[in-house]
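Trainee: Here is how the chains run, residue by residue.
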Amino acid sequence: MSDQIESAANLMARDYLILAFLVSLGSLQIAVSISHIRGLWLLPNRTLTRALGIAIIIFGIALYILAPLWIQGPWAAGSVTDGTSIDRAWGTADIGEISAARNLNDIHGGMAGTAYAAYFILSAVLATIFAAAIGAFNVRIMDSPSFRRGLGGGHTDGLDALKHSDAISTLSTSLRNLRRTGIDDARQQMRSAHRWSIPSMIERMWRH
Amino acid sequence: MVLWINGFVGTSNAFDHLARIVASDYLMPLVFSAVMFAIWFVGKDVNERRRYQYATIIGATAIGFANLVVDIINQNYDRARPFEDLGDSMTLIFYQSTDPSFPANPMAVVFSIATGVWIFDRRIGWIMMALGITYSMMRVYVGTFYPTDVIGGAIVGILAALFSWFLFELLKPIPQIILRLLRGIGVA
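The listed protein sequences derive, respectively, from chains Y and E. Position in the first sequence counted from 1, then plus 28, gives you the working numbering. Position in the second sequence counted from 1, then plus 2, gives you the working numbering.
In case anyone wonders, no lab produced these hints; they're calculated from the structure. Every value quoted in this text rests on a predicted model; they were computed, and no experiment measured them. Heads up, the beta-carbon is just placed ideally off N, CA and C, and yes, glycines get one too. Please note that a few of the clues may not be correct.
Claimed, not checked - With a straight-line cut-off of 20 Å between C-alpha atoms, the simulated DMTMM-like cross-links for lysine to aspartate or glutamate are:
1. Lys191/Y <-> Asp73/E
2. Lys46/E <-> Glu171/E
3. Lys191/Y <-> Asp47/E
Claimed, not checked - So, partial list: chain E residues that the calculated Cβ filter (under 10 Å) puts toward chain Y:
4. Ile7
5. Ile23
6. Trp42
7. Gly45
8. Ile121
9. Glu171
10. Leu172
11. Pro175
12. Leu183
To be verified - A few chain E positions that, by computed beta-carbon distances, are all more than 10 Å from chain Y:
13. Ser14
14. Asp27
15. Leu29
16. Ser35
17. Phe43
18. Lys46
19. Arg53
20. Arg81
21. Ser91
22. Phe96
23. Pro102
24. Asp123
25. Arg124
26. Ile157
All chains, full assembly: derive it from the sequences and hints.
Mentor: Printed below as a string of structure tokens:
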């Protein structure tokens, strides 16, 4: 029984990682298409990028829910009819039991809340790296040189710079700007802080 | 109340399937997390984007506080699940959860995120609140929580987000400096 729980846990973790990656990637595509951050687009066109984002999310969720129909797991047909996760047999699910197949208690091979959170963070990071890599390919290979005109006076950095260039090109500019203006920016933020902000109070105490 | 809501189980087979999916551990928390992640990138300019990034920071911090509060309450008050208390008088169409029923942890998490977003964007925030209420009702419908559990969880989540916001304001300009550092490595 414990072997089956371990196998179920591994299977659930793997499948959830794929789901979270696809949903993160899809939602990222919708967000960057809204804010014109071209350096993270998977496609060179804004409308297509947003449509692709929606399609990736729907595909990811549908794949996760329907996969028990062809992937063997703790959801064998006939063992999940009541929706509970006790006494599950190993096998493929029946279409009539598909809604309950993934509902597994963490003591029966499901995932705990902390695992969901950890896998989501990992997926979000991977989705961002993936989008940055494909975006760089789009900008460098697919787009015209005018798009890669660069960063002007060097004032544009961070995600804003990705509206005009790709992640690889902008990283050095962002780092250079941080080195050049980072301390001044921090000082300015400190000056504009509320009187009752803790760092501001500590600074005032320090000065007096 | 829980018997009345759960009494509709079996009326529509299609709705029961939908309820199992909506009430699941994987779907709604993932949708909320994905919105929280995506709004990090939203905004016409640096200032607008920074507001949304504050929402992400407050939402993420609130999840931590909400889980802490739920954990403390759970250690001091072990309320049985409705299917344990009410037995055969209700129909459980979900797995038998083994942790304490009050307050509902999933609701604390989703309302933390929804409130964190609501503080900075009312429109998206209200939509997320509505989704959170739907999720809560589905959890009661499938028989895994009492209505008071989900209300308790929602209150914990909302208060956790408001506390995170208060802390955020109190610690300014540290969050802005962290965002400036993240902008320096190209991710904010």
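Trainee: Against this structure, judge whether each hint is valid.
Mentor: Consistency of the hints with the structure:
no., hint, result
1, Lys191/Y <-> Asp73/E, "violated (43 Å)"
2, Lys46/E <-> Glu171/E, "violated (24 Å)"
3, Lys191/Y <-> Asp47/E, "holds (10 Å)"
4, Ile7, "violated (16 Å)"
5, Ile23, "holds (5 Å)"
6, Trp42, "holds (8 Å)"
7, Gly45, "holds (6 Å)"
8, Ile121, "violated (17 Å)"
9, Glu171, "holds (7 Å)"
10, Leu172, "holds (5 Å)"
11, Pro175, "holds (4 Å)"
12, Leu183, "holds (7 Å)"
13, Ser14, "holds (13 Å)"
14, Asp27, "violated (7 Å)"
15, Leu29, "violated (7 Å)"
16, Ser35, "violated (5 Å)"
17, Phe43, "violated (4 Å)"
18, Lys46, "violated (7 Å)"
19, Arg53, "holds (12 Å)"
20, Arg81, "holds (18 Å)"
21, Ser91, "holds (16 Å)"
22, Phe96, "violated (5 Å)"
23, Pro102, "holds (14 Å)"
24, Asp123, "holds (13 Å)"
25, Arg124, "holds (17 Å)"
26, Ile157, "holds (19 Å)"
Hints 1, 2, 4, 8, 14, 15, 16, 17, 18 and 22 from the list above are not met by this structure, while the remaining hints are.
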